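Peer 1: Residue-level listing of the chains:
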Amino acid sequence: MSGAEPVVAVALVCVATALFSVYGLRPGRATSDFYVASRAVSPLRNASAIGGEYLSAASFLGIAGLVLAFGADMLWYGVGYTAGYLVLLAFVAAPLRRSGAYTLPDFAEARLESTRVRRLTALLVVFTGWLYLLPQLQGAGLTLRTVTAAPLWVGPVVVTAVVMVTVASGGMRSVTFVQAFQYWLKLTALAVPLIFLLLAWRADGAPWPSGDAPPRFREATTVSVQQSVRVQVDEPVTVTVSGSVDGHRVDGTRVRLEAGEHRIGAGARVAFPAGADVPHPQGRPPRDGRDWSRPLSGTSHPVYGIYSLLVATLLGTMGLPHVIVRYYTNPDGAAARRTTWAVLWLLAAFYVLPPVYGALSRLYTPELLMTGRTDAAVLLLPARLVGGTGGVLLGTLLTAGAFAAFLSTACGLTVSVAGVLGQELERMWAAARARVTFRRGLVSRPRRARTELRIEARDVLRLRLAGVAAATVPCLLSFVVAPRAAADVVGLAFAVAASSFSPLLLLGIWWRGLTPQGAMAGLLVGGGTTIGAVVVTMVAEPPGGWAGTMLSRPAAWSVPLAFAVMIGTSRLTRRNVPPGTAGALSRLHAPEPLAASRRPG
Amino acid sequence: MTGGPGRPGGDPAEGAPKRRITVAHPRTLAALGGRRPPVSGRKPVAGDLGRQTLGDIYLHSLMRAQLRLGLAVVGVLVAVLGGLPFLFLAAPALRNAMVAGVPVPWLIIGVAVHPVILALAFVCLRHARRNEDDFADLVERS
Numbered sequence: 001m002s003g004a005e006p007v008v009a010v011a012l013v014c015v016a017t018a019l020f021s022v023y024g025l026r027p028g029r030a031t032s033d034f035y036v037a038s039r040a041v042s043p044l045r046n047a048s049a050i051g052g053e054y055l056s057a058a059s060f061l062g063i064a065g066l067v068l069a070f071g072a073d074m075l076w077y078g079v080g081y082t083a084g085y086l087v088l089l090a091f092v093a094a095p096l097r098r099s100g101a102y103t104l105p106d107f108a109e110a111r112l113e114s115t116r117v118r119r120l121t122a123l124l125v126v127f128t129g130w131l132y133l134l135p136q137l138q139g140a141g142l143t144l145r146t147v148t149a150a151p152l153w154v155g156p157v158v159v160t161a162v163v164m165v166t167v168a169s170g171g172m173r174s175v176t177f178v179q180a181f182q183y184w185l186k187l188t189a190l191a192v193p194l195i196f197l198l199l200a201w202r203a204d205g206a207p208w209p210s211g212d213a214p215p216r217f218r219e220a221t222t223v224s225v226q227q228s229v230r231v232q233v234d235e236p237v238t239v240t241v242s243g244s245v246d247g248h249r250v251d252g253t254r255v256r257l258e259a260g261e262h263r264i265g266a267g268a269r270v271a272f273p274a275g276a277d278v279p280h281p282q283g284r285p286p287r288d289g290r291d292w293s294r295p296l297s298g299t300s301h302p303v304y305g306i307y308s309l310l311v312a313t314l315l316g317t318m319g320l321p322h323v324i325v326r327y328y329t330n331p332d333g334a335a336a337r338r339t340t341w342a343v344l345w346l347l348a349a350f351y352v353l354p355p356v357y358g359a360l361s362r363l364y365t366p367e368l369l370m371t372g373r374t375d376a377a378v379l380l381l382p383a384r385l386v387g388g389t390g391g392v393l394l395g396t397l398l399t400a401g402a403f404a405a406f407l408s409t410a411c412g413l414t415v416s417v418a419g420v421l422g423q424e425l426e427r428m429w430a431a432a433r434a435r436v437t438f439r440r441g442l443v444s445r446p447r448r449a450r451t452e453l454r455i456e457a458r459d460v461l462r463l464r465l466a467g468v469a470a471a472t473v474p475c476l477l478s479f480v481v482a483p484r485a486a487a488d489v490v491g492l493a494f495a496v497a498a499s500s501f502s503p504l505l506l507l508g509i510w511w512r513g514l515t516p517q518g519a520m521a522g523l524l525v526g527g528g529t530t531i532g533a534v535v536v537t538m539v540a541e542p543p544g545g546w547a548g549t550m551l552s553r554p555a556a557w558s559v560p561l562a563f564a565v566m567i568g569t570s571r572l573t574r575r576n577v578p579p580g581t582a583g584a585l586s587r588l589h590a591p592e593p594l595a596a597s598r599r600p601g
Numbered sequence: 001m002t003g004g005p006g007r008p009g010g011d012p013a014e015g016a017p018k019r020r021i022t023v024a025h026p027r028t029l030a031a032l033g034g035r036r037p038p039v040s041g042r043k044p045v046a047g048d049l050g051r052q053t054l055g056d057i058y059l060h061s062l063m064r065a066q067l068r069l070g071l072a073v074v075g076v077l078v079a080v081l082g083g084l085p086f087l088f089l090a091a092p093a094l095r096n097a098m099v100a101g102v103p104v105p106w107l108i109i110g111v112a113v114h115p116v117i118l119a120l121a122f123v124c125l126r127h128a129r130r131n132e133d134d135f136a137d138l139v140e141r142s
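Those sequence lines, one after another, are chains L and F.
Residues in the first sequence are numbered consecutively from 1, following full-length UniProt numbering.
Residues in the second sequence are numbered consecutively from 1, following full-length UniProt numbering.
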């Protein structure tokens, strides 16, 4: 796919997002606007905004790519991403809103009365946010490269720039409207092309990849190789190559690829005849049609993998910084529950779609298995299956939807990371200033809470600076870290959230015995081990076998570990239960009309 | 909005001396026409939430009811989702079955799970609301 249309679509989505935020509304000037849209957002709009923010590159491109590569077991991603909101609804939604905190560190401090827990939580929020941002930016790079052959760094830079404009100009208030719009854009962009694709699939005789065969080219296909690959050919095949193959440069000549390993250089175009087996990357043989289409045979240790994924997504959703921040925009606890209920509908409607793309791409774009860029499956299908002007238009719509996914998730994450960063910077600054004045003997104590209540231009400026920092770091990281499947990396971010924030939230909301020491220990052990596993998986090559599986899918062991450490340490330090625990719990659980009558006056 | 970024939910006047207020139905207040409602034998409970009082006991029971509800809903969810891999292991025929050209497991994991989740969410929403209403009734009646 190439041509001007996708570029125009990407530019339109970017410019529209930026304009919406700069001119569409009265830009947020006050600190409260920056954080939570002043809590004046209705449940359906709020739910659309949550959906818009939540459906990231992992959902829009990633699930289809994983289904293409590994088959039926990857359907669990969509289920987990949805079901996490049911757990959130059951345990967290209303109490979290009633806590009145803006961010997770706020919650930690209000519930446990400890600055150290607060600081550790802030650190983990920033790490999780950046880990989650990484696949969004790399997905943008992949998308732009797929549709325009631009270099890989262009996508991350474009997304980061738009996010900075959006975040710096209005903060959360403008983001809410942009996000709500982008949910519907994403749903449309995925649903409308699917109708045409399914019609074309039926016209083709509604085939299903089956039998013992590896993936095959259904028709003569020209594959453009953008990064050099080392592939394994099982059956000898005669292809037409322009570019470098096995170290020789050829120009449109017919080459016979014998069974064995071959190296295809960057920029080569290889034309395969119809019916040829798709070569596969060295050491990663594809599943045959039977193993691909039935559950529990697409990956090694499938049952452990499914359980680990379910633990990570069911418990991780409640800890995602950009999701949590949305709960403060509900007027009360009951509205927070209604919002979650609406979110479940929106997500259920969305997550039915990506697996269909995955299945179709196994039939019609199997060459992605050879180049390893399976995340591009959604973008390439319309041109392959529908073709002509229609195919280009549908592909353009999908490109626009994909960019909406990168932008909305990146905006939401950047706002929440910037909020946390800004608060911590402010505190550090205030503490430093207080120390100086204290030494001069002018003021005896920092006037913390009062100064923060005041809405100042300086606060907004600092938040804007924090926004720039929050967006720049992951952009730089995305150049350094080798890209992996988007849904995989997002799964890791869920695992970090599940093994640090979910014990903190669940025990903090439902257990009187939680102590600051217990929370610290649980966060350090749960978060620390999971981050270690993430770093090994992302940077070093993880070992094979059981150890590798447990490192790349850590949630199944790290979440129970975090809970055990948090409960055990709290039991050992039970004399340090914060004195305000009973009051804090009553605020979390008592319905608002009663809480309101508690207030004097 | 109830507080700044640094003081989550903090009531600005939290530190001020607490004034006791009477909880009564708006219609009762309207019928009394501005007079203070008669003080019944017991103290108003709503003002005591959070202390070891009758209000605290009520709150305990609300928390327990909500926790039981959440555990029941999530328990069913975990049983359904966690049971599916074992169902596929135990019934190879189901694992390989096809309906209308599509494998049955795809229809189960990809589509049929979502109505179950929505039904559970509906139950959760209804009962959580009811638990809170019961609690509010209890507190207002005391």
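Calculated directly from the structure, the hints in this document are not laboratory data.
Please note that the accuracy of each hint is not assured.
As the list claims (entries may be wrong) - Below, a sample of chain F positions facing chain L; criterion: calculated Cβ distance under 8 Å:
| # | residue |
| --- | --- |
| 1 | L62 |
| 2 | G83 |
| 3 | R95 |
| 4 | V99 |
| 5 | V111 |
Computed from a predicted structure; not experimentally measured.
Backbone N, C-alpha and C define an ideal beta-carbon position, used for all residues, glycine too.
Peer 1: Could you check if R95 of chain F really has its C-beta closer than 8 Å to a C-beta on chain L?
Peer 2: holds (5 Å)
Peer 1: Please check whether V99 of chain F passes as an interface residue: C-beta within 8 Å of a C-beta belonging to chain L.
Peer 2: violated (11 Å)
Peer 1: Is the interface hint satisfied for V111 of chain F? The criterion is a beta-carbon contact with chain L at less than 8 Å.
Peer 2: holds (6 Å)
Peer 1: Is the hint on G83 of chain F kept, meaning its closest Cβ partner in chain L is under 8 Å away?
Peer 2: Nearest chain L Cβ about 11 Å off; hint violated.
Peer 1: Verify the interface restraint on L62 of chain F: the C-beta must sit less than 8 Å from at least one C-beta of chain L.
Peer 2: holds (6 Å)
Hint compliance for this structure: hints 2 and 4 are not met, and every other hint is.
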